[in-house]
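Number of protein chains: 2
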Amino acid sequence: MTAASPSSGSLSVVGIGPGFADWVTPEAARLIHAASDLVGYAPYLDRCELVPGQARHASDNRVELDRARAALRLAGEGRRVAVVSGGDPGIFAMAAAVFEAIEDGEPGWREIDVTVSPGISAMQAAAARLGAPLGHDFCAISLSDNLKPWALVEKRLAAAADADFVMALYNPASHTRREQIRGAFALLRKLKSPATPVIFARAIGRADERITLCDLGDADPDLADMATLVIVGSSGTRLLRRPNGAPFVYTPRGARAAS
Amino acid sequence: MTAASPSSGSLSVVGIGPGFADWVTPEAARLIHAASDLVGYAPYLDRCELVPGQARHASDNRVELDRARAALRLAGEGRRVAVVSGGDPGIFAMAAAVFEAIEDGEPGWREIDVTVSPGISAMQAAAARLGAPLGHDFCAISLSDNLKPWALVEKRLAAAADADFVMALYNPASHTRREQIRGAFALLRKLKSPATPVIFARAIGRADERITLCDLGDADPDLADMATLVIVGSSGTRLLRRPNGAPFVYTPRGARAAS
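Line order of the protein sequences matches chains P and R.
Count the first sequence with full-length UniProt numbering and you get residues 1 to 259, in order.
Count the second sequence with full-length UniProt numbering and you get residues 1 to 259, in order.
FYI, nobody ran anything at the bench for these hints, they're computed from the structure.
Just so you know, not all the hints are guaranteed correct.
Covered by chain P, according to a simulated footprint, are these stretches of chain R (three or more residues, beta-carbon under 8 Å) [said to hold, decoys possible]:
#1 45–57
#2 118–126
#3 140–146
#4 152–160
#5 182–193
#6 201–208
#7 240–250
Positions of the beta carbon are idealized from the N, C-alpha and C atoms, including for glycine.
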């Protein structure tokens, strides 16, 4: 973290994790506390402790680019701006939008001191709650086709199935977008065993956290909503039964061998 | 986090991130502080503040299963054990080894209260330092063939290249293992543009942090060692030049369109 010079402002893109306060890193807390302006989706800003004199600029969940431009404008005026992002800003969150806005924006924006502060992403929180489903090679795919063709999503799902990656599926659905997760499951059912473990992890770390463990054969894709992260296992992903409590789900580091 | 009953011990697998203290979550710090026994690779334990009366069980970097079994034995004796892992224990770290040890171990071990606490993984730290190279669909692949056939690594690299994922390559090399990263680059050079951005991120968050940005065409795979995380871009990964400082590297959220 380099401090902004008085003449030029600074912009930090800060990840506050999935919602559990004990997953917010000290770096993220420090950057948010030190900011003159907080920019972000309202529910994320609501999770930040108010600092006297700090300006808050809450926005809707979409319009990432507008939000990024507003933050850059403030930093360009010499403000110390923190763009507050859920999860890890570098994983299907605000960081990419900020760099897109810089590249397409005013030349002066390239001189702003921009830093990214990583956070716990939804797939990590979900994995930790279940055991270690991401314990070996995996991929992370956004099912949103707002910014990419659905054919590319299908190509990546098929490649991930063929190469037997564990899959973390982000943005599986929204109020208006239901077809993508249904289409993804229809495709994966053609390519993977019906016994493949599937996890619907909703609002992990929040009061309304809900985890559903099922298998690909009978998984109901409509369990996924905007707040859900879906994990689809590889052929190696296993359930570890326990006498008390739900089974652990984990993916061994290699081919299983009695050891 | 459920507290262990006095009769049965507990085991938490705790991620302390890549090495920067400000990336250790409050949950991880709390679990380490509350543990009666810390088990882990010596350099990770050295990063934990000593608590009077706390027992430390340092081990070598390999032998993950032995370390997991030792931790489970202690928990089985009623101890409150924290297995200290670098990065995120669920991503190419200790969590999977612990569940493998439980599955193959004493039946009583399945009754131990086991929790996993996520952490910042090396790919997230590296991405944050550079900009947002993981800003869209990506995969994480371990190049170690200690526990899986090299042919499977090559299949996954080829699938990731064909479907145009950004790639985070873990365990690229060790003192004794140099061929994997060379083989991986030889394969990727056949499948991807020589202009593809490549990042060698070594010891991120530590005093000897070193980041090398190059392109696939002239990247020297021997820059990678045990402490290096390698990121290979997708066709969309871009360099954002700055008048001052190194370029940012980021992967847009979708096809680039002037906005």
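Among all the numbered hints in the text so far, which are the ones the structure does not match?
-> The structure conflicts with hints 1, 5, 6, although it agrees with all the remaining ones.
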